[in-house]
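Enquirer: Below are the chains, spelled out letter by letter.
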Amino acid sequence: MMLKKRKREGGEFSASSMADITFLLLLFFLVTTNIDVDTGIGMTLPPKVDEQEIVPMSKDRLAALLINENGDVLLNGEIIAIPQIGETLKERIRSKINLPKKKKLVVSIKTDRNTNYNLYIQALDQVKDAFYSVRNEYAMGKWGKKRDKVTEEQHKELKEKIPIIISIAEPEKVQ
Amino acid sequence: MKFEKKRAATKQEIPTSSMPDIIFMLLLFFMVATTLREQEIFVKFTLPEAKAVEKIENKRLVSYIWVGQDEKIQIDDNIVKVKAIQKIMYDKRVALPNVIVSLRVDKNSRMGLVTDIQESLRKADALRINYSALPK
Numbered sequence: 000m001m002l003k004k005r006k007r008e009g010g011e012f013s014a015s016s017m018a019d020i021t022f023l024l025l026l027f028f029l030v031t032t033n034i035d036v037d038t039g040i041g042m043t044l045p046p047k048v049d050e051q052e053i054v055p056m057s058k059d060r061l062a063a064l065l066i067n068e069n070g071d072v073l074l075n076g077e078i079i080a081i082p083q084i085g086e087t088l089k090e091r092i093r094s095k096i097n098l099p100k101k102k103k104l105v106v107s108i109k110t111d112r113n114t115n116y117n118l119y120i121q122a123l124d125q126v127k128d129a130f131y132s133v134r135n136e137y138a139m140g141k142w143g144k145k146r147d148k149v150t151e152e153q154h155k156e157l158k159e160k161i162p163i164i165i166s167i168a169e170p171e172k173v174q
Numbered sequence: 000m001k002f003e004k005k006r007a008a009t010k011q012e013i014p015t016s017s018m019p020d021i022i023f024m025l026l027l028f029f030m031v032a033t034t035l036r037e038q039e040i041f042v043k044f045t046l047p048e049a050k051a052v053e054k055i056e057n058k059r060l061v062s063y064i065w066v067g068q069d070e071k072i073q074i075d076d077n078i079v080k081v082k083a084i085q086k087i088m089y090d091k092r093v094a095l096p097n098v099i100v101s102l103r104v105d106k107n108s109r110m111g112l113v114t115d116i117q118e119s120l121r122k123a124d125a126l127r128i129n130y131s132a133l134p135k
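Listed in order, the protein sequences are those of chains G and H. Read in numbering that gives the first Met the number 0, the first sequence has 33 at position 34, and its numbers run on one by one without any break. Read in numbering that gives the first Met the number 0, the second sequence has 115 at position 116, and its numbers run on one by one without any break.
Be careful, since some hints might not be right.
[Said to hold, decoys possible] Simulated pairs of lysine-lysine, DSS-like, Cα-Cα distance not exceeding 25 Å:
#	chain 1	residue 1	chain 2	residue 2
1	H	82	H	43
2	G	148	H	71
3	H	106	H	80
4	H	135	G	89
5	G	47	G	95
6	G	109	H	1
7	G	160	H	50
8	G	109	H	10
9	G	145	H	80
10	G	95	G	155
11	G	109	G	148
12	H	50	G	158
[To be verified] Okay, the calculated bits of chain H under chain G, using three or more residues with CB under 8 Å as the criterion:
#	region
13	72-79
14	84-97
[Claimed, not checked] Examples of chain H residues lying across from chain G (beta carbon under 10 Å, computed):
#	residue
15	8
16	9
17	11
18	42
19	43
20	46
21	61
22	104
23	118
24	120
25	128
26	132
27	133
Worth flagging that the hints you see were computed from the coordinates, not collected in a lab. All values reported here derive from a predicted model rather than from experimental measurement. C-beta atoms are modelled at their ideal positions from N, C-alpha and C, and glycine is treated no differently.
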């Protein structure tokens, strides 16, 4: 009897579809992972101190924003619509660019406990936007660049000329 | 006269055997570069929209506080009460001195609650905050 060993053909498998499989895997990961970018309005809270210092402030420095629970907005005692806050503030910020540090504009935002959060954010947004656009104008006029494209040195100057001072006052309690 | 077409002696194929390796590299890159969301969010919220938003540069420093539609507050994986925030945030600040607290607050919340949270943050000395908002 003769046992013939079966000859095997070369032990290769086609690797050409491997690329497709890995592509599928790649696509799966691309689709399922979500890169969520965090965006928001940055603020720094005032530190907690036991005794509050009361600093007298001249009227032309202060822009007081009041938002009540009905959504009415007062800017220095006058009723204003939220989208107009920006324009009004811009004027005042511009006029104070060359004043010394102690005379720059201070924006104070005060709300009721029942004020809608969204309104507060919209108002805060307007204020921030006003400061940013004046910074932009200044940077454009002086260096021909936008405010976020300037060098560190120039950014310092921006900060010094147009400081963003926003005070968040504690809301008044409504009885 | 007979013309014979010239034919290159070499094979006219691109070796594709290294293709999977290249794509595996790509895959690995994406797996490393993307962070999976590790936190489950129990509260429902819609963020407000704003124009003057900025990106948070350093994500490692961020710690979140969620406030939902029903005024529930979530920190990490727990629903907490307002009173507990101070302690939790103080511990976080000790562990990470320049922590940025990102407030992801539902846009229909009342300011009273937000202020209470801010007061606790002030007491905990975690002063850098960020009102999370979507770009308009």
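Enquirer: The structure should be examined with respect to each hint, and the outcome stated for every one.
Expert: For each hint, the structure was consulted:
The suggested pairing of residue 82 of chain H with residue 43 of chain H holds, with an alpha-carbon distance near 21 Å, which does not exceed 25 Å. With a CA separation close to 40 Å, the supplied pair residue 148 of chain G and residue 71 of chain H exceeds the 25 Å bound. With a C-alpha separation of about 19 Å, the suggested pairing of residue 106 of chain H with residue 80 of chain H holds against the 25 Å cut-off. Distance check on the hinted pair: residue 135 of chain H and residue 89 of chain G sit about 20 Å apart at the alpha-carbon level, within 25 Å; holds.
For the hint linking residue 47 of chain G to residue 95 of chain G, the alpha-carbon distance of about 29 Å lies beyond 25 Å, and the restraint is violated. For the proposed pair residue 109 of chain G and residue 1 of chain H, the alpha carbon gap of about 97 Å is over 25 Å, so the pair is violated. Of the pairs offered as hints, the one joining residue 160 of chain G and residue 50 of chain H holds, with about 23 Å between alpha carbons and a cut-off of 25 Å not exceeded. Between the alpha carbons of residue 109 of chain G and residue 10 of chain H the distance comes to roughly 78 Å, so the proposed pair goes past 25 Å and is violated.
This hinted pair does not check out: residue 145 of chain G and residue 80 of chain H have alpha carbons roughly 43 Å apart, beyond 25 Å. Taken as a hint, the residue 95 of chain G and residue 155 of chain G pair is honoured in the structure, with Cα atoms around 17 Å apart against an allowance of 25 Å. Pair hint residue 109 of chain G plus residue 148 of chain G does not hold up; C-alpha atoms about 33 Å apart against a cutoff of 25 Å. Between residue 50 of chain H and residue 158 of chain G the alpha-carbon distance is near 20 Å, which keeps this suggested pair within the 25 Å criterion.
Here's how the region 72-79 of chain H fares: 0 of its residues keep a CB closer than 8 Å to some CB of chain G, so the rule of at least three is not met and the hint is violated. Interface restraint, the region 84-97 of chain H with chain G: violated (0 residues with C-beta to C-beta distance below 8 Å; minimum three). Interface hint at residue 8 of chain H: violated, since its Cβ lies 23 Å from the closest Cβ of chain G, which is beyond the 10 Å cut-off. With a least beta-carbon distance of about 20 Å to chain G, the hint placing residue 9 of chain H at the interface is violated under the 10 Å criterion.
Checking residue 11 of chain H against chain G by beta carbon gives a least distance of about 16 Å; that is not within 10 Å, so the hint is violated. With a cut of 10 Å, the hint placing residue 42 of chain H at the interface with chain G is violated, because the nearest CB-to-CB distance is about 14 Å. Against a cut-off of 10 Å between C-beta atoms, the interface hint on residue 43 of chain H is violated, since the closest Cβ of chain G lies about 15 Å away. At a threshold of 10 Å, the smallest CB-CB gap from residue 46 of chain H to chain G is about 8 Å, leaving the interface hint in force.
The criterion of a C-beta within 10 Å of any C-beta in chain G is met by residue 61 of chain H, whose closest approach is roughly 7 Å, and the hint holds. At a threshold of 10 Å, the smallest CB-CB gap from residue 104 of chain H to chain G is about 6 Å, leaving the interface hint in force. The beta carbon of residue 118 of chain H comes within 8 Å of a beta carbon in chain G, closer than 10 Å, and the hint placing it at the interface holds. The beta carbon of residue 120 of chain H comes within 6 Å of a beta carbon in chain G, closer than 10 Å, and the hint placing it at the interface holds.
The beta carbon of residue 128 of chain H comes within 5 Å of a beta carbon in chain G, closer than 10 Å, and the hint placing it at the interface holds. Given the 10 Å rule on beta carbons, the hint for residue 132 of chain H holds: about 5 Å separates it from the nearest Cβ of chain G. Checking residue 133 of chain H against chain G by beta carbon gives a least distance of about 7 Å; that is within 10 Å, so the hint holds.
Comparing the model with each numbered hint stated earlier shows that hints 2, 5, 6, 8, 9, 11, 13, 14, 15, 16, 17, 18 and 19 do not hold.
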